[in-house]
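K.L.:
These are the residues of each chain, in order.
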Amino acid sequence: QKEVEQNSGPLSVPEGAIASLNCTYSDRGSQSFFWYRQYSGKSPELIMFIYSNGDKEDGRFTAQLNKASQYVSLLIRDSQPSDSATYLCAVNVLMSNQFYFGTGTSLTVIP
Amino acid sequence: DVKVTQSSRYLVKRTGEKVFLECVQDMDHENMFWYRQDPGLGLRLIYFSYDVKMKEKGDIPEGYSVSREKKERFSLILESASTNQTSMYLCASSTPNRVDYGYTFGSGTRLTVV
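Those sequence lines, one after another, are chains Y and C. Position one of the first sequence corresponds to residue 1 (our numbering), numbered consecutively onward. Position one of the second sequence corresponds to residue 1 (our numbering), numbered consecutively onward.
It is worth saying that the hints were derived from the structure and are not from the lab. Some clues are possibly wrong.
[To be verified] Listed next, the in silico BS3-like pairs over lysine-lysine satisfying Cα-Cα at most 30 Å (straight line): (1) C:Lys53 to C:Lys13; (2) Y:Lys42 to C:Lys55; (3) Y:Lys56 to C:Lys3.
[What the hints assert, rightly or not] Here are a few chain Y residues that face chain C, going by a calculated C-beta distance under 8 Å: (4) Ser32; (5) Tyr51; (6) Phe61; (7) Tyr71; (8) Ser73; (9) Gly102; (10) Thr103; (11) Gly104; (12) Ser106.
Using N, Cα and C, we set each Cβ at its ideal position, and we do this for glycine too.
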């Protein structure tokens with residue numbers, strides 16, 4: 001069983017703060033990692049991916065990967081109310097055709 | 001802009017009906033997937049396909065079947081709809097063996113079985 005674990009939250013942060021979302025995975029064959037944002041009633045949209053250890057930055061978003069600890073995180077700087085959504089972590093395992101999803105973390109940014 | 005299109009945004013069907021959910025992608029992707037999403041349970045894989053006429057069972061295939069006659073189209077069939085199949089259904093597509101390529105999801109179909 002390829003497990004992907006996320007804290008379901010809800011996570012609440014004030015506007016302008018840094019939101020930190022975490023994800024752990026069980027399969028050491030995991031090779032790439034994706035963060036999806038899902039607004040209520042909508043489908044998930046891809047916001048970041050990472051496959052090398054370290055940090056990857058894209059605007060206000062930073063993905064961090066530590067393969068030794070089997071841990072991936074998403075930091076959202078200068079959080080805005082429009083960032084309020086559920087964030088899904090997805091893992092792609094080597095030679096597998098499918099991704100494995102966590103159950104998501106609900107984030108609320110308070111104005 | 002790449003697209004995965006699901007034929008219906010909302011559907012209401014009666015118990016026992018045969019239900020067809022259609023998904024079309026215009027990205028020439030080999031892989032296509034059907035998930036259902038329920039509160040607290042996350043995304044659960046029903047079926048996926050990695051080529052035309054190929055299909056693989058996911059985690060919860062019972063009560064469902066699929067069809068992939070053309071590369072761009074992947075259909076989910078509820079043989080005899082039941083109330084426990086009321087859910088959000090999400091289609092996704094991707095290309096295999098790429099570390100930098102994620103799923104693209106359709107907009108979803110919210111199915112209610114009464």
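K.L.:
Determine which of the earlier numbered hints do not hold for this structure and return their numbers in increasing order.
P.N.:
6, 7, 8, 12
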